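Asker: Assemble the whole structure, with the sequences as input and the hints as a guide.
Number of protein chains: 2
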Amino acid sequence: MSIHAYLLEMKKLLHGVDGWLTKTVAFAEAKKFDANTLLQARLAPDMFSLIRQIQGVCDVAKFAAARCAGKDAPSHPDTETTIDEAKKRIASVVAYLDTFSAADFQGSEDRKVSLPRWEGKWMTANDYFIEHGQPNFFFHLSMTYAILRHNGVDLGKRDFLGALSLR
Amino acid sequence: MSIHAYLLEMKKLLHGVDGWLTKTVAFAEAKKFDANTLLQARLAPDMFSLIRQIQGVCDVAKFAAARCAGKDAPSHPDTETTIDEAKKRIASVVAYLDTFSAADFQGSEDRKVSLPRWEGKWMTANDYFIEHGQPNFFFHLSMTYAILRHNGVDLGKRDFLGALSLR
Chain X
1 MSIHAYLLEM KKLLHGVDGW LTKTVAFAEA KKFDANTLLQ ARLAPDMFSL
51 IRQIQGVCDV AKFAAARCAG KDAPSHPDTE TTIDEAKKRI ASVVAYLDTF
101 SAADFQGSED RKVSLPRWEG KWMTANDYFI EHGQPNFFFH LSMTYAILRH
151 NGVDLGKRDF LGALSLR
Chain R
1001 MSIHAYLLEM KKLLHGVDGW LTKTVAFAEA KKFDANTLLQ ARLAPDMFSL
1051 IRQIQGVCDV AKFAAARCAG KDAPSHPDTE TTIDEAKKRI ASVVAYLDTF
1101 SAADFQGSED RKVSLPRWEG KWMTANDYFI EHGQPNFFFH LSMTYAILRH
1151 NGVDLGKRDF LGALSLR
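Sequences listed follow chains X and R, in order. So that you can map any letter, position 128 of the first sequence is 128 in our numbering, and since no number is skipped, the others follow by simple counting. Position in the second sequence (from 1) plus 1000 gives the number in our numbering.
I should point out that these hints are in silico values taken from the structure, not numbers from a laboratory. Careful, some of the hints might be misleading.
Stated by the list, open to error - Mimicking DSBU-like on lysine-lysine, the simulated pairs with C-alpha atoms at most 35 Å apart in a straight line are:
(1) Lys71(X) x Lys1012(R)
(2) Lys157(X) x Lys1023(R)
(3) Lys121(X) x Lys1121(R)
(4) Lys121(X) x Lys1157(R)
(5) Lys157(X) x Lys1062(R)
To be verified - Covered stretches of chain R, as calculated for chain X (at least 3 residues, CB under 8 Å):
(6) 1026-1037
(7) 1057-1064
(8) 1076-1082
(9) 1092-1103
(10) 1132-1146
To be verified - For the chain R half of the interface with chain X, some residues (derived, Cβ under 7 Å), not all of them:
(11) Met1001
(12) Lys1071
(13) Lys1121
(14) His1150
(15) Leu1166
(16) Arg1167
Keep in mind it's a predicted model, so treat the numbers as computed, not measured. For each residue, glycine too, the CB sits at the ideal point set by N, CA and C.
Answerer: Listed below in structure tokens is the structure:
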């Protein structure tokens, strides 16, 4: 399977996060608090806050697509402070993922990916996707879910998985 | 890339969980509490406890491999109550994953996977792996990590990702 098939799943899951945030707003309205305060919630003092987790899951998906296709990713300055802005960030990344097709990932087994902190070392795009892109994507996705659940937002596994391709 | 390449990553990540539990035992000894009490910790009252998350990540990996290869998975009765037993469960699943090779997943695009709760509907093994197996694997893996971090165990992203195939 091409990396593109897994990117389509990332796109679906990011769309799911938008739905979690919609539920978060409804939860905050029912409880009469400002939903945006939750963006500063974190599971441990030395872990990222909710808004950083959301920015993280967006960036990991963006960079996984761009780097594995040998393209330059657009910049997002991480300035979001409200749920509305977080939703726009997600929509922007989903739209960016839509610009890719399976053909963009041809040759990914030979494409080199390197990050500045790797000091000249590199990985193949395939290895990078499997060992770095995907685990980081799911890490920030799951921490986003965990912070919301820990704070009482009514989400379940179906919200996490989204619709399945049942036949 | 074959499903097998992604299963090898699951195996690496499961091995990582064993390392997290080793750190958990050391943390509990330093803090002078029984590490096994943490197995009942959870992030929300209606979420799985740590031991259920560990059993979950083990089972998802096992079933993803078996179902995508058209094999029957061995049974694990979920009787673990200690960290030692949790580590044995992980080792058992890692050993099971070791029995698979890339050839086991040939034809996965045409293999049907069905679960009893799907009431006769099915997915291709490829769709099942991408939309169900992987997200569920990372869900339980990440919740395991989140519960430990939330309770003070000193883990970081490197513990989550494990070693990378840098060249």
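Asker: Hint by hint, say whether it matches the structure.
Answerer: Here is what the structure says about each hint:
1. Lys71(X) x Lys1012(R): Holds, at about 29 Å.
2. Lys157(X) x Lys1023(R): holds, 29 Å
3. Lys121(X) x Lys1121(R): violated, 46 Å
4. Lys121(X) x Lys1157(R): holds, 19 Å
5. Lys157(X) x Lys1062(R): Given that 35 Å is the threshold and the Cα spacing comes to 19 Å, the pair holds.
6. 1026-1037: violated (count 0)
7. 1057-1064: As far as the stretch 1057-1064 of chain R goes, the hint is violated, because 0 residues have Cβ atoms under 8 Å from chain X.
8. 1076-1082: Our answer is that it is violated, as 0 residues pass the Cβ test (under 8 Å) against chain X, missing three.
9. 1092-1103: Contact hint for the stretch 1092-1103 of chain R vs chain X: violated, 0 residues under 8 Å.
10. 1132-1146: Since three or more residues must qualify, the claim that chain X covers the stretch 1132-1146 of chain R holds, with 11 doing so at under 8 Å.
11. Met1001: Hint on Met1001(R): holds, closest Cβ of chain X at ~6 Å, below 7 Å.
12. Lys1071: This interface hint is violated because 20 Å lies over the 7 Å limit.
13. Lys1121: holds, 4 Å
14. His1150: For His1150(R), the interface hint holds, since the closest Cβ of chain X sits about 5 Å away, which is under 7 Å.
15. Leu1166: Nearest chain X Cβ about 4 Å off; hint holds.
16. Arg1167: Nearest chain X Cβ about 6 Å off; hint holds.
Hint violations for this structure: numbers 3, 6, 7, 8, 9, 12, all remaining hints satisfied.
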